[in-house]
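Peer 1: Input sequences plus hints: build the corresponding full structure.
2 protein chains.
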Amino acid sequence: MSKLTDLPKRILIGRALRSDRLGETLLPKRIALPVFASDPLSSVAYAPGEVLIVLSIAGLSAYHFSPWIALAVVILMFTVVASYRQNVRAYPSGGGDYEVATTNLGPRAGLTVASALLVDYVLTVAVSVSAGVENLGSAISFVVEHKTLCAIGAIVLLALMNLRGVRESGKLFAIPTYLFVAGVFLMLLWGGFRGLVLGDTMHAPTSGFDIKPEHPGLAGFALVFLLLRAFSSGCAALTGVEAISNGVPAFRKPKSRNAATTLALMGLLAVTMFCGIIALAMATGVKMAENPATDLIRDGVPVGDGYTQHPVIAQVAEAVFGPGSFLFVLLAVATALVLFLAANTAYNGFPLLGSILAQDRYLPRQLHTRGDRLAFSNGIVLLAGAAILLVWIYGADTTRLIQLYIVGVFVSFTLSQTGMVRHWNRLLAGERDRARRRHMIRSRAINAFGAFFTGLVLVVVLATKFSHGAWVALLGMVIFYGTMTAIRKHYDRVAEEIAADDASPDDSVRPSRVHAIVLVSKLHRPTLRALAYARLIRADQLEALSISVDQAETKALREEWERRGINVPLKILDSPYREVTRPVIEYVKGLRRQSPRDVISVYIPEYVVGHWYEHLLHNQSALRLKGRLLFTPGVMVTSVPYQLQSSEAAKQRARRRAEWSAPGSVRRGPVERRQKEPSRKG
Amino acid sequence: MSKLTDLPKRILIGRALRSDRLGETLLPKRIALPVFASDPLSSVAYAPGEVLIVLSIAGLSAYHFSPWIALAVVILMFTVVASYRQNVRAYPSGGGDYEVATTNLGPRAGLTVASALLVDYVLTVAVSVSAGVENLGSAISFVVEHKTLCAIGAIVLLALMNLRGVRESGKLFAIPTYLFVAGVFLMLLWGGFRGLVLGDTMHAPTSGFDIKPEHPGLAGFALVFLLLRAFSSGCAALTGVEAISNGVPAFRKPKSRNAATTLALMGLLAVTMFCGIIALAMATGVKMAENPATDLIRDGVPVGDGYTQHPVIAQVAEAVFGPGSFLFVLLAVATALVLFLAANTAYNGFPLLGSILAQDRYLPRQLHTRGDRLAFSNGIVLLAGAAILLVWIYGADTTRLIQLYIVGVFVSFTLSQTGMVRHWNRLLAGERDRARRRHMIRSRAINAFGAFFTGLVLVVVLATKFSHGAWVALLGMVIFYGTMTAIRKHYDRVAEEIAADDASPDDSVRPSRVHAIVLVSKLHRPTLRALAYARLIRADQLEALSISVDQAETKALREEWERRGINVPLKILDSPYREVTRPVIEYVKGLRRQSPRDVISVYIPEYVVGHWYEHLLHNQSALRLKGRLLFTPGVMVTSVPYQLQSSEAAKQRARRRAEWSAPGSVRRGPVERRQKEPSRKG
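Respectively, the protein sequence lines represent chains L and S.
Each residue of the first sequence is one higher than the last, beginning at 1 in UniProt numbering.
Each residue of the second sequence is one higher than the last, beginning at 1 in UniProt numbering.
None of these hints come from the bench; they were simulated from the model.
Keep in mind the model is a prediction, meaning the values are calculated, not measured.
Hints should not be assumed to be uniformly reliable.
Because identical chains share one entry, a pair is satisfied inside a single copy or across any pair of copies.
Straight-line C-alpha distance at most 30 Å; calculated DSSO-like pairs for lysine-lysine [said to hold, decoys possible]: (1) K555 with K651; (2) K571 with K522; (3) K489 with K522; (4) K29 with K253.
Peer 2: Structure representation (structure tokens):
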């Protein structure tokens, strides 16, 4: 049975891996870069297009603003990278923005950051997968024709892979990421060479199109607002930069320095690719519109519903490498792969953040265990479910999903940088060494500028995108924040209630005697075992209790009891309605009333079976009785398990489950490191 | 909190009633009749129409066969009633067909009857509610325009009422049933008076219509087949006759005799109404067609999709009382009410049959408890779900649903009557008294004729309706049969496995010592209580065990332990991955390996909370640990509950739940009666 049902599961979820086989190796920079950079680098696959789409609202003439917007994004990228280089030096423990905000700005700010990041993980999955499907669709038309379906399929596939607990390796990340980076640079270089040296004129497939502006002749404040909106969309290129600050422990020594270098390298790569793609898009005459069917004009008429607007990167590649060429297809596939990889990072980050939040009791405590399969599974299923919902609602349309994105990242950026300013202020107050002080003041200036600039961008993003969808992201944040606050409050209330009083070390009435009761339905092995165990306990009083629901059976039980000569008194209670729970509860309550200082110890023989459906057939009365007994004060309930043969199956299932390895372990680093870090700094 | 959430629930589900407030009064015949007869009497609201619809396939000329079909139904009804009068005399315990078949024909026949009845309960709900909606729709057009929706709404409403545990009273059944019977008889008498005495010609709304036969000029075997099909549809009038045999204990003394008289009265009423309605339908020129839109011809053209075909009883009432008249509306409402009441009987019967099957271990044992709320809830939800599915698939169309109906009833009739023949044979073998023998031989003849006739009808029903939908009902029966057989096999296998061996009264190695372990996470009241209780137990060895997931917390625990001077050794296990379960399991296994004759007793402090969502926040690690420990041999697990303040809410909820009264109690009779009956006769 178990063999048969295991086969499809093993195919889908895979053979579990032992967690102690986890690679405890640290990452060199050349591997760390792709591990952490797939998210920010992959966003150059859609960010340039989103900038052009927003500009197209004001018509083709607005396209000449694109270099300026690219410049603004570059400045912002440098600011953010410079800021986070300070973070990784100051907080090498891998706590990330949540830790920085909590330590320096208090738990509310920390919780805000956490909520923002949780929402952002969901959007990373939705946006990256949608963009991946669109990029893949530029080479394989089937994919783009069934966009929503393919996107949901990819999300489910990623979820299954992560539920499986894939054995991660740096190579897994390195190959597609380097392939993508190499492909883009090859495209930029070859395109530049053809255009500047050979003097070729390259034509994107949309170069002959015209754009019907939705708001022609936009000027003044309206134009500024539109440019700001285009800039906000371009800021999508910055998502994921903060990920490295969670992963410092995974780097080789000197950890902080290597992390900072990798961060700088990543920023440099990202801006080069971002600007290069925009430049080539201008040179090859790429046209993008928000509503391509009506606003893209070919030969004087709108292109209509049949037209598929391909991503900028695909159009540029087509112009540079030629339509359908090997390099074009390769780049499309590499782009899609790196985007799916970016989505995968969210699958790693979401449950990890959950476990850190659980440590601070903002989420159920059991999520705290590192790599606990159940916690990870719940997190992965929740993340995939939310992402599927978004993809389904927004039809896997990157342009519409991007409106919700970024809000979370910039909330997190701003609070983290503000926290860093406080961090330096605190350190400066206690530091006397001049060289160190100078260094700190410099760092503080960088973080202060970072906080200011990212805060400004946050305001811009909120102002320009609120009604376009950012409110959804904010609503998500509020829901996460509210839930986590409520959970924390509950834990605090309970902790107060159960705190041990110093004056009276024990609880209320001190118990004096134990009255043990063994529940008996029939005289079979489980009952005999329960009786044997209960007898070992040497309670002050021991009796067997049976509920009579059938007079013939009760008579048989009594006879068997005497025949076997069991020297435990057998008490039988009548139950006209064939109920089991109520007579027992009332009997126990009666005993407690007679002698309130007695503790009642109830022994329940329990069947251990291997399958959930078998469980439905056994123990149900016992379970319900147990549930009620727990509410009766002065009672303890002991299960005496009897393992049926079928329980072997469940045992083996549990063993396999224990051998599972949690996803995201490569970027988290070895476990000993994280152990040393105290749970809360505040 | 509990007050607020209770309000909507109380409105929907109602305030629970104490089960000891159940009317223990026995039913006089005038109340017993409506209690048991709503199902068979209500079927005259649709059975005549179904006969006409089948006949219409051969064209209007085939209508003249309708009196002959009515005659056949009448003979069948008398046969069945006469047969069941023997049943109620021979088996006054209320076990019904299941008991008769199991006792006389063996468990397989019994299980077949049970499967058939379970399927039939589902169809009773689906058919009665659909017919009720159609009848109500003849007066209120909104209802028939939203037929499926209204039918599903009615099913859900009935389910809620039954989940609520309505306090039943005979009056509840008596008023609509007598109203309906009175209405129909008034219609028959007034119609007869107008037609025969006043010489009025009454016109049904369809009297001027013509019918386009689907198979014109049907003759020979095909015609016979069609007539048999019409007869099968008319047999719907017989469903529910067997219900009285389950309810004998609810009658006043002499129970069997009163039940038999009520049965005869019910049969007489049913056939009179059935024949009267068919006669009036002929007299007023009612036309019914299977596909009214195309086959009903008005002024030479089909009536089209906009036409609603009203039930025969409504058309006759319109002709006799006049369209829209008070009596017409009253009868429509009474008909709908009595049909909903008929559906309600299935809600009572389904879980009751389930509890009898659970007693014989064909269903999970916990369903055995009489009036157990959980068992009833599961049964009601399953029944309503299946009925909704059918109503939804078949668009609440009585004509299509009726094709699935009856199969179950006639399987049950045939097996029950065959069983009765065996019963008399057995009794006759041991009986010497001549008068009694003569009586038995007479009864046997009646039952033998009943078995033959109902068996014949079963064959006819299967032959004529199999491809029209009866296969669905058969499939349902097979599924029920298979599931119940599998459950019984499982129980038998387990019973064999756990049977106590006579040679060695105890299990394998006799345990000698107890090693008690108290699990400790922090030193709070729940832990202190668990320590206090465990100390009372006087185990051979007692230690406290804590898993170190955070070094700072562990240090604090150790200090607190010493400060309080707790004289129990504290053992601390390291867990680098912050796991709790695995280190404990491995420690316990190690102890068992060292001394295999020790029993390990693990004490787990457990938090008792009031709400399910609070439960998610606590005890999860404990629960999982407990789940794993159960698979470890030689271990017993003791929960030491600590009742948090919020647990009060759950306690009160449990109390309210205990005060619930099960539906269907009126027809089941008082509990003492059923207790005396042995569970199985075989």
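Peer 1: Is it within a copy, between copies, both, or neither that the alpha carbon of K489 lies no farther than 30 Å from that of K522?
Peer 2: Between copies, since 19 Å is at most 30 Å while 47 Å is not.
Peer 1: State whether the alpha carbon distance between K571 and K522 is at most 30 Å within one copy, between copies, both, or neither.
Peer 2: Within one copy only: 13 Å inside a chain, 39 Å across chains, cut-off 30 Å.
Peer 1: Can you give me the call for K29 and K253, within, between, both or neither, at a CA distance of at most 30 Å?
Peer 2: within (10 Å within a copy, 93 Å between copies)
Peer 1: Between copies, within a copy, both or neither: which fits K555 and K651 at Cα up to 30 Å?
Peer 2: neither (37 Å within a copy, 34 Å between copies)
Violation of the numbered hints given earlier is confined to hint 1; every other hint is satisfied by the structure.
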